[in-house]
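Input sequences plus hints: build the corresponding full structure.
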Amino acid sequence: MTEPTRKQPGEREVHAGFIALADCAPLIIARERGFDRQQGFTFQLHREASWANIRDKLDIGAFDCAHMLAPMPIAATLGLGRTTKPVVAPMSLSLNGNAITVSRALYAEMRSVDASAAKAGGMAAAYALAEVVRQLGAEGREPLTLGMVYPFSCHNYDLRYWLAAAGIDPDNDVNLVVVPPPLLAESLKAGRVDGFCVGQPWNSVSVGEGHGVIIATKSELWPLSPEKVLGVREDWAQNNDELLGDIVRALSLACQWLDVPDHRREAAAILARPQYVGVAESIMQEPLTGNIVCGEGRHDVHDSDSVVFFRHDANFPWRSHAVWLITQMIRWGQAREPFDIRALANRVYRSDIYRQAVAELGIDVPSRDYKPEGRDAAASAESEPVLSSFFSSNAFDPDAAVDYLRALAIRAPSADIEAFAAENL
Amino acid sequence: MHKSRRGQALSKPISKSADVSLKILVIDEDPIRRAILESGLKEAGLVNVTMLDSPSGLVEQIYKLDPDVVLIDLENPSRDVLEQMFQVSRAVRRPIAMFVDQSDKDSIDAAIDAGVSAYIVDGLKKERVRPILEMTISRFRAFDKIRSELEETKSALKDRKVIEKAKGILMKSRGLEEDEAYALLRKTAMSQGKRLAEVAEGLVSSFDLLKE
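Chains as they are written, first to last, in numbering that gives the first Met the number 0: chain A, 0 to 424; chain B, 0 to 211.
The hints are simulated quantities; they were obtained by calculation from the structure and are not laboratory data.
All of these numbers come straight from a predicted model, not from anything done at the bench.
Possibly wrong hints are sitting among the right ones.
Stated by the list, open to error - Partner residues aside, some chain B positions facing chain A, computed with beta carbon under 7 Å:
hint : residue
1    : L73
2    : P76
3    : S204
Just so you know, even glycine gets a beta-carbon here, dropped at the ideal spot from N, CA and C.
Structure below.
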């Protein structure tokens, strides 16, 4: 690759926080391949130990922008968890990339109650797990403990959705706990958790160490589902619109580079370095090349969409994704004070900033901001077995968010859907 | 990052308004910083202090201790565990309402800047906690200063060693006197716009390469 031509001297520094995950790649690649300098600034990257740090350092201005879980800007703007300044998402950084892993012992139990469902994985595996949960309950044994990484994360919502779709109440039938990703493999080995939902490469790390079995990838549950976004403070976005445009362009170019299949091995080598994710290169290659070893005789996954950075409009901040995330916050009792769902989605998911920023790069951008999930895919793939598109045969229509919520049987008792109905006519 | 508050008095005595009966839990894996903070809390007369070094069994510990204030360093990945615990009381099977006191945003920001986060039991008056928070912030900053000084000393020592080695190589291979070797290194560094230690390091590593 030729040295990119500089727009202007790169004296502008942009401080960005990230968490050690495969999907921090856009920031790392922008820096390592010079897409930042090409847009006239230099990334100073900071690896953080917790999502709470990311939120707080963005809030006090130590960071200009950050690698964020898609629900975090919404939670920040709503003041959930901790009151901070409002945060917006001017672009999405990645789709998919999570997986659900269980201990070998739990996998053996799942196989003993329903061998074909356990082996099939994906949505079907939840039914095998549900049977194990029922048996544990009937025998009066300790409920299962399942880990995820942050309350306002797709991992939390993915795991809950998957469990609830099979009839497991995530708040009553199992213990859901937060475990920091680097400690997950060890917690699984020590039996402190029986399974978890986390971003890669931590599932593959656990399989590689011989303690875990991957039983579902996010791509199997909901293909092309939202995962990480770029987060910036709303006031910062307002005062730095030019620089933000440069940041969005640099990251889009990095994402474009990342989605060239031939680049994925090189990306894995870079991300594996100790200052970034710090795992073995061979493990890092699994999620990035989409050849994932699941362990314990489960068939390996071969999925080029295992994590998506650019293709399929991956960087477009779909406001319908924001609506879905908000419905999950309501469903599980995180957001209780009613508000206008669509107004919040429009405020936080700034597709306008993205459109304007990438126009000069000639990147195709969807003309709509909202799209249904599940229905489109289901229509074109009738021959597929059930459970192919959006968590089993479910569908999500962003224009009918409240009806969608009403139809979800398992939810937190504190979820007051009718209060939201009044605000969302 | 704003560093405006740096240089505050190191061990400012805690004002009389501080409530010494508050139950405080400190989670910090760094033994030196833990000791610095512990001594600060003890000097202030706080007796109900528990120090935790490892995040294992954190949920059980909090359940047992029922703290009023939790202080945790920002390098600690267990922060996200706390965030969840304080949101979903079910995790400890009884209601715990803890959160960062929003009414005192400046000191919360200063704490984050200093590398520590505080979780305060819901309803606790900020006047009761602020002196503790201020002391924690100043102790964290003091530790930061010690650490960066230590790093500077270490790197100065490393520089000196590599310069000595480079001088030795020049003396041997070009038959120079010590001061001549040093002058040559300095001249090269100046003409290349590099640090003396960088030039010395370059010389030593290429010499090692040639030797093999």
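Hint-by-hint comparison with the structure:
Satisfaction of the interface hint for L73(B) is found here, the shortest Cβ-Cβ separation to chain A being roughly 5 Å, below the 7 Å cut-off. At a threshold of 7 Å, the smallest CB-CB gap from P76(B) to chain A is about 3 Å, leaving the interface hint in force. A least Cβ separation of about 21 Å between S204(B) and chain A goes past the 7 Å threshold, and the interface hint is therefore violated.
This entry does not satisfy hint 3, going by the numbered hints stated previously; all others are met.
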